[in-house]
Amino acid sequence: MTHSLAIDVALLVLLLPLAAFVIQIFRGRQLPRGGDWVSITAIVLSLVGSCFIAREALSVRNPGWGYRWVFDWFTVGANHIQVGLLIDNVTAVMLVVVCGVSALVHVYSTSYMHGDPKYPRFFAYLSLFSFSMLGLVLSDNLLFLYCFWELVGLSSYFLIGFWSEKPAPADAAKKAFLTNRVGDVGFFLGIMILWTQLGTFGYHDVFAAVAAGKVTGSASLLGLVDVGWLTLAGVCLFCGAVGKSAQFPLHVWLPDAMEGPTPVSALIHAATMVAAGVYMVGRLYPLFTPEALIVIAYTGCITAFFAGTIAITATDIKRVLAYSTVSQLGYMVMGLGVGGYTAGLFHLMTHAWFKACLFLGSGSVIHSLHSQEMPEMGGLRKKMPWTFLTMLVATMALCGVPPLSGFFSKDAILAACLQFGLEHKRHLPLFFVAAAGAAITTFYMFRLIFLTFFGQPRDHHKYDHAHESPAGIVLPLVILAGLSVSAGWGGWFEEMVQKPSLASYAPASHAAAALAGHGVEHGDGGHHSSAHTIAMLASLLAVALGFGLSFLMYYKQAISADAMAERFPTVYRWLKNKYYIDEFYDALIVRPLLAFEEWLARFDLGVIDGIVNWIARATVVVSDIAGRIDFYIVDGLVNWFGDSVLDIGQQVRRIQMGRIQEYLVAAFALTLIFVLTLSLVY
Amino acid sequence: MGSYLLTLMIFVPLLGAIAVLCVPSREEKVLKTVAASAAAVPLALAVLLFMQFDRGSTAMQFVERAPWLPAFNIEYYIGVDGLSVPMVLLTALLSFICTLASWNIEKGLKGYMALFLLLETGMMGTFCALDFFLFYVFWEVMLLPMYFLIGIWGGPRREYAAIKFFLYTLAGSVLLFLGIIGLYFWTTPHTFDIVRLAEIGKTRPQEWNPPFQWLVFIAFYIAFAIKVPVFPFHTWLPDAHVEAPTAVSVILAGVLLKMGTYGILRFNYPIFPEAAQFLAIPMAVLAFINMVYGALVAMAQTDLKKLVAYSSISHMGFVMLGIAAATVPGNPGAAAAVNGGVLQMFNHGCVTAMLFLLVGVIYDRAHHRDIYGFGGLAQVMPTYTGFVTLAFFAALGLPGLSSFISEALVFIGSFQAFMTITILGTAAIVLGAAYMLWTLQRVFLGEVNAKYAALPDLSPREIFCLTPLAVIVVILGLYPSPVLDLMNPSLTHLLTFFW
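Protein sequences, first through last, are from chains A and B.
With my numbering applied, the first sequence corresponds to residues 958 to 1639, in that order.
With my numbering applied, the second sequence corresponds to residues 99 to 597, in that order.
Just so you know, the hints here were simulated from the structure itself, not pulled from any lab data.
What you were told as hints is all true, and nothing was included just to trick you.
Estimated spans, in silico, between C-beta atoms of each pair:
| hint | chain 1 | residue 1 | chain 2 | residue 2 | range |
| --- | --- | --- | --- | --- | --- |
| 1 | B | Thr487 | A | Ser1458 | 41 to 47 Å |
| 2 | A | Asn1570 | B | Thr487 | 36 to 42 Å |
| 3 | A | Pro1074 | B | Leu242 | 51 to 57 Å |
| 4 | B | Pro254 | A | Ala1552 | 27 to 33 Å |
| 5 | A | Ile1568 | B | His288 | 33 to 39 Å |
| 6 | B | Lys549 | A | Tyr1537 | 35 to 41 Å |
| 7 | A | Ala1176 | B | Pro309 | 35 to 41 Å |
| 8 | B | Phe310 | A | Ala1552 | 42 to 48 Å |
| 9 | B | Leu313 | A | Ile1582 | 26 to 32 Å |
| 10 | A | Ala1176 | B | Leu313 | 37 to 43 Å |
| 11 | A | Val1547 | B | Ser579 | 39 to 45 Å |
| 12 | A | Trp1120 | B | Arg153 | 45 to 51 Å |
| 13 | A | Pro1427 | B | Pro254 | 56 to 62 Å |
Example chain A residues on the side facing chain B (calculated, C-beta under 7 Å, incomplete):
| hint | residue |
| --- | --- |
| 14 | Ser1121 |
| 15 | Glu1554 |
| 16 | Glu1555 |
| 17 | Ala1558 |
| 18 | Ile1565 |
The beta carbon of each residue, even a glycine, is placed where N, CA and C say it ideally should be.
Based on the provided sequences and hints, a complete structural model is requested.
Pasting the structure below:
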């Protein structure tokens, strides 16, 4: 494939969904079938293009394969701000994942959203999202990445709030956008630091400059600690990922985002957009310093564990999946943080398939039952066999049952954690937490399966009306289940996606110095067989434990879940209330902010404007006094003078000089006019 | 006609105003047509100017020069550079749109249109004048029509608002005038020539001795700060906006506020670069207060128009920050900051014009602007909601829409110069999103308010007014070069005053 062909294909992949969005937003209603076919055609063509690109990547299988295309966007001063596209192995895989899940969700939505009054609008937003996400994946520079980063946030806002006539989705959409904005500000600060230091946004130029040791110096934070600029930039950029990939402590928006239609949850809030943060960390990997990576690893670890625990007590099927997504994203982030570059991105890819499958499966259940509450489900496996089977497969993949895709990727992450822990003993707890998290994952996922599909129906009315979903819904499920099984096979991913070394970006003479300056290189756990074996055993043990416990509690009901809740009331309450983080934010940030802004508005009106009005009133009083002085004293004087003149005139007239009197009256009148004018002007 | 282009642009509206006065009041159609045509001519000329302007040059272009009052060295001296052309374009565009947006004025249409066109002459002249005395004359010419437009055609508290606006601006004008006279007598030979004064500022700044330099700089700064408006001189703005009729609000926020920042860049910086550099941090602090304070107070508003007014204060803070960062020596982002600042002037002009037009639309229909008094309008007025969504997201700086690029440039360019202020200032980005989305939700989402279930969607005239602005907002968001290239050489040249 020639360079220009590759770029043309990539541009087409990117712009087709945009074209579909424009058509849909302006003409959707007038088109037959609400124009769903416009969006579907666009995304399917994009998928074909993506496969075309990926096919070459697969046939070459060279970690260094890639194409880059850069052009000037605009110029300020002498700085040419550039944007461009980058195609490499990671991009190629991501393109297929994004277009693949998106195309399946498009097809699924034709059934799921059928009859919705805003049907054309829904497809318009799906196209907008696909465009933004593809742009995010293809960007070759930080500023461009940030643009698409915000645009996916916008489409997410529109899609979460799709049923905005109801208050909950509107609230959730707003919360999602604002929480993300907080993270994005961090992201933007990172961009600012790098630009100020290097004067460029391009990934390649930034890495080259970092490799050449051009980012120097450190910032003193509040005069307490000195942090190197590069570390600070890395942590700031990572803040963006914390927002978008719903990492602790900015994860609060994702569970609420489940107010959106289920296909949206599958596409945006499970498979693609939320993975953007992980993708970004992977994309910018060479510039993270070891210190920044530690921050990343621990953030991911905390997220993975604590979100998993919340999922245990959730009863809304979509919320269980949402917390599971947060937890899995935590795994990916942790994987990247401990140096498992390949592992983290691998899990991103496999997770996209099985989590999309799970969400679409849950959508199938919701579509049929008109309920999201697991306590109202039960025994559905006979009524919805396809949904059940596909969800079971995806669940097993998520838990890491061999030889499904999740087994390979999760195992790689655990191995990376262990490897890192063995190299740096004080970070060994990361591995144990990760392993415990794997057991928790299996526990709550099988709890979901048991509660939904096994046992006796708990709501007979709903059960009687349940039915298997139409082909438009089942077909995507089957395809995704197939991919959940097989996506990890063949070792192609590990071969294609390998950790980029910073040294490869350095000019030859700087390479050694840069390596020395960059400190300890994180090891890639995937290549160390002993760590791998232990990690695999640990992972299998975790699955067995989680499954066993889940089986006993929710299938055999040998252990009563309610009894457990009663025995540990505090734990249960904290989990059920999601560790009170929403309440914490509300009390510590939202309310004080609202109160402060109300106070400020009163200050503005009362004090600032008050001073202005006070000055005005004071001026009126002063001018009133001045007016009185003017009238009684100045004008009085004039009058007195005039009267005197008149008197004199009278007397002069007595001395028979008549004409002078008229002259004097005229002069007096003129004086009066003059004085009056003066007093009016001043 | 090339050489008389600016003169035509300035005085055609004045001729239009006279023509409007000659039309009998009952001939409303003729009145409207005359007014719209008189505003269309400068727009066409501005487009011509935009196309013919030499983007590579930093010199004044389209210069016209003739003695006016030779005894005092006062000249009719006009011309444009990369700083004024975007402002002239904005003025011409918004004035034309506003004559159309004013078609539903009911009382005294004739007087209204005449005053409006007179206002346009004042604005155009202000942006083109290169003689300080001439500048001051145009500056004052704007004041009177504005006063009457608010005071006669405004809302219930119009007299209070109009007088407040008038007195506040007049106070600034006095300082401005004193500064101008001071400069005139300080120079030998006495001059009002702005280009010459800037020449002195660049090559022989020692000619201004310190106390004089400080005094005049601060006098100018306060005069312009009132216009921007910079905290704490801003309280005339919400009152004036709330009372002013829609089109006047558009001009006020879209053009008049920019005169403040324009004045700082045209006079304060080139004439007194030393003082500007010395005062960079105080200016940045004020800019920061504008950004965050404006956003916070905007969040607390319940009147839609007041909210937009305070959002203007916040967004003009971005401009002030970018401008302040440009003076800091050794700031690698100085060019980005000043370009971002001026681009933000243009972008804010377009976006805020849209916002005020949109508020006007709902006020015309519902006769109130209480944010809590609506709900679910998205279902009632879909096209309207589409425009509002675009304008709101543009205002909160969404990439792909124009304001993003200018705000991003301001922040990137200011980071090195004022690190703490810039970092704290990013709070305005979050707060901006918060009040915009909050308003969007209150007014447009949720259940339909039965009272307003039958509101008609946008009329073709309203769509016609909004569409050009929407198109500009999108195009400049994707491709800002047409405007950036216009200003970049002149602004980069301005930076040489500081190094």
